[in-house]
Amino acid sequence: MIQSWSRTLIPTAKEAPSDAESPSHKLLTRGGYIRRVTAGVYDYLPLAWRVLTKISNIVREEMDAAGASELFMPVLVPIEFYAGTKRDEAYGDLLFKLTDRKGMVNALGPTHEETITELTKAGVASYKQLPLNLYQIQTKFRDEARPRAGLLRGREFIMKDAYSFHMGVEGPGGLNEAYDAMYRAYVNIFTRCGLSFTAVEAESGPIGGSASHEFMVNCESGEDTVLTCPASGYAANVEKCEIGPRPSDLHAAPAGDLQEVHTPGLPGIDQVGEFMKVKTRNMLKTIVFRVVEDRQGRGLRWVLATVRGDHDVNEGKVKAASGCTVELAPEKDAHAAGFAIGYVSPRAAKHHHTLLLIDPDACPPAEKPPFWVTGSDRKDHHVKYFNWKRDVGEAMLNDPAKVKVADVRNALAGDPSPRSPGAKLEARRGIEVGHIFKLGTKYSEAMGFSILNEKQERQPVIMGCYGIGVSRVMAACVEMSHDENGIVWPLPIAPYHVVITPMKVEPTSEAMRVACELSGRLAAAGFDVLIDDRDERPGVRFKDADLIGVPIRLTIGDKSLAEQSVEFKLRSDTQGKGEMVKIDSVVSRCLGTA
RNA sequence: CGGGGCGUAGCGCAGCUUGGUAGCGCGUUUGGUUCGGGACCAAAAGGUCGGAGGUUCAAAUCCUCUCGCCCCGACCA
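For our numbering, add 30 to where a residue sits in the first sequence, where the first one is 1.
Misleading hints may appear alongside valid ones.
What the hints assert, rightly or not - DSS-like cross-link-like pairs, simulated, lysine-lysine; straight-line CA separation at most 30 Å:
#1 116 with 434
#2 434 with 349
#3 349 with 362
Hints in this document: simulated from the structure, not taken from any laboratory.
Keep in mind the model is a prediction, meaning the values are calculated, not measured.
I would like the entire structure built from these sequences, with the hints used as guidance.
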């Protein structure tokens, strides 16, 4: 493919719009890839569309190879679809809604579980038609509270979403088989796109379901934190990451007499620590959760979770450790029940119907007695020298129905690995570009999609779903791979592989003649070539070539022509001056870099 | 949704405090000189100052309301 710069639209700019903050937003805008239309909504100009097309094609090839079939569903979805699974409420304002002339309310699809389930419900009548894996590459809409960072979190974005349908979980044709195939396809896709990425275990989020993995592009500017164990290869996001065994002791001696301190008007734990001149790691914070459902039927109404002041409670772990579905207690309800929100201490677990979960780091074994500051269970007061044994009492600490030591906090770098004794977790930042879920029967049950199995038993169909943020992949790639001069594309998704810069652009010039001849031979060899035929000064064209990030630049000037050569330079080679390559060897030299 | 900030030419900004009929740089157009890392000279085009209302002889500037956008947080595939 050959394109002249002057015959397409690449509006580069020296300065980025002042509202652009992240590197990908700035560089994609400056490079003439995207243009903001309104908050979180962008034009994709020709360069961007070429990149997106290349990513999409890699996605298609790998999805097809993994046995999936492409289809195309509407953006406009009747609201009833989402109401049927209660996701209209679950999504809330995140769902774009519009009313048509007849007064029908429609949504702009944020994902298509309901739509595809309706479709397969109508089209699949027998277990013999399963398994099935269907996908589309579509524009998705989410009315984000705060769109940000250009393409990384938009309100309109391009996504590949796939859905698989099965009669069973295990064995041939089962969900696990498809899930594993998708996992492998995703590894292939992101590898082929030239991304540095990590697959991590993840929580499945509001889409629901059991197992889940996220694919994260490794990048310091990423919004998400992932933890990895260098010894075992275990990797998970913060929400999911387990922490290895940690010793605990609830029976240490007190470090001193309990003292109450007046701490008026201090909203956060940091302020209290500052006021009392205590490090937050010497404080205990206790979060109150309301029990929505006690799955073990113990009649629990509250779960308290105590962690060290510098740690964060993890709601998912609280759910797992308590065996309850919980939610952060609404302040009003908690007050009514007698919890002094903001000043709650572990002693508050003396309430009836209350379970106390204690993180091991909140009760570590210590040679010298640990010094703790915590709430005083009354407004504007904290206590010093809190001690588990003395202040909560042996009786309660020894009652497994009331108190449990468990991992209930977010993992941090340096925590013990859950998979490899002695190893420590490492933290790094990432941008989520793919997510695969085992959905189970959540949607098929809610929507009545069940069919007869071999034994003539009616059973709900088991589903999986698999997403890739195609437009986010483009942005994440720029975040991962750029320098002060612009974007540095990996070859497989670069808009063009080669940019040819003839020093003289008159159609009759020798430089232009060579440029045309070379571009023909390169195109025949499979390269996408951009000829910078603009009548601009060399500096401008070099700067622009660096900015848009084309991997190979061929410069044709008098000096190189005198040697029957062109100047060959890789975009990734920042200080190199380029090398002279004989015109006849250019194609093979380019092939050598692919 | 809470906190902060910003809307003046395609982009980046000044002017606003102290009202007097809009300016700078980049880019664009034309002519000339240049020509290997964002050239120079000269001329030119381009703006309902986000919108509505108000105060005033007079509003980009002061007041009220409104719309939009960005950043931090909350939330989030």
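Now the hints, each set against the structure:
Of the supplied pair hints, the one linking residue 116 and residue 434 is violated, its CA atoms being roughly 34 Å apart against a limit of 30 Å. With a CA separation close to 13 Å, the supplied pair residue 434 and residue 349 stays within the 30 Å bound. Note on residue 349 and residue 362: the hinted pairing holds, with a Cα-Cα distance of about 22 Å set against a maximum of 30 Å.
Going through the hint list in order, the structure does not satisfy hint 1, though it satisfies all others.
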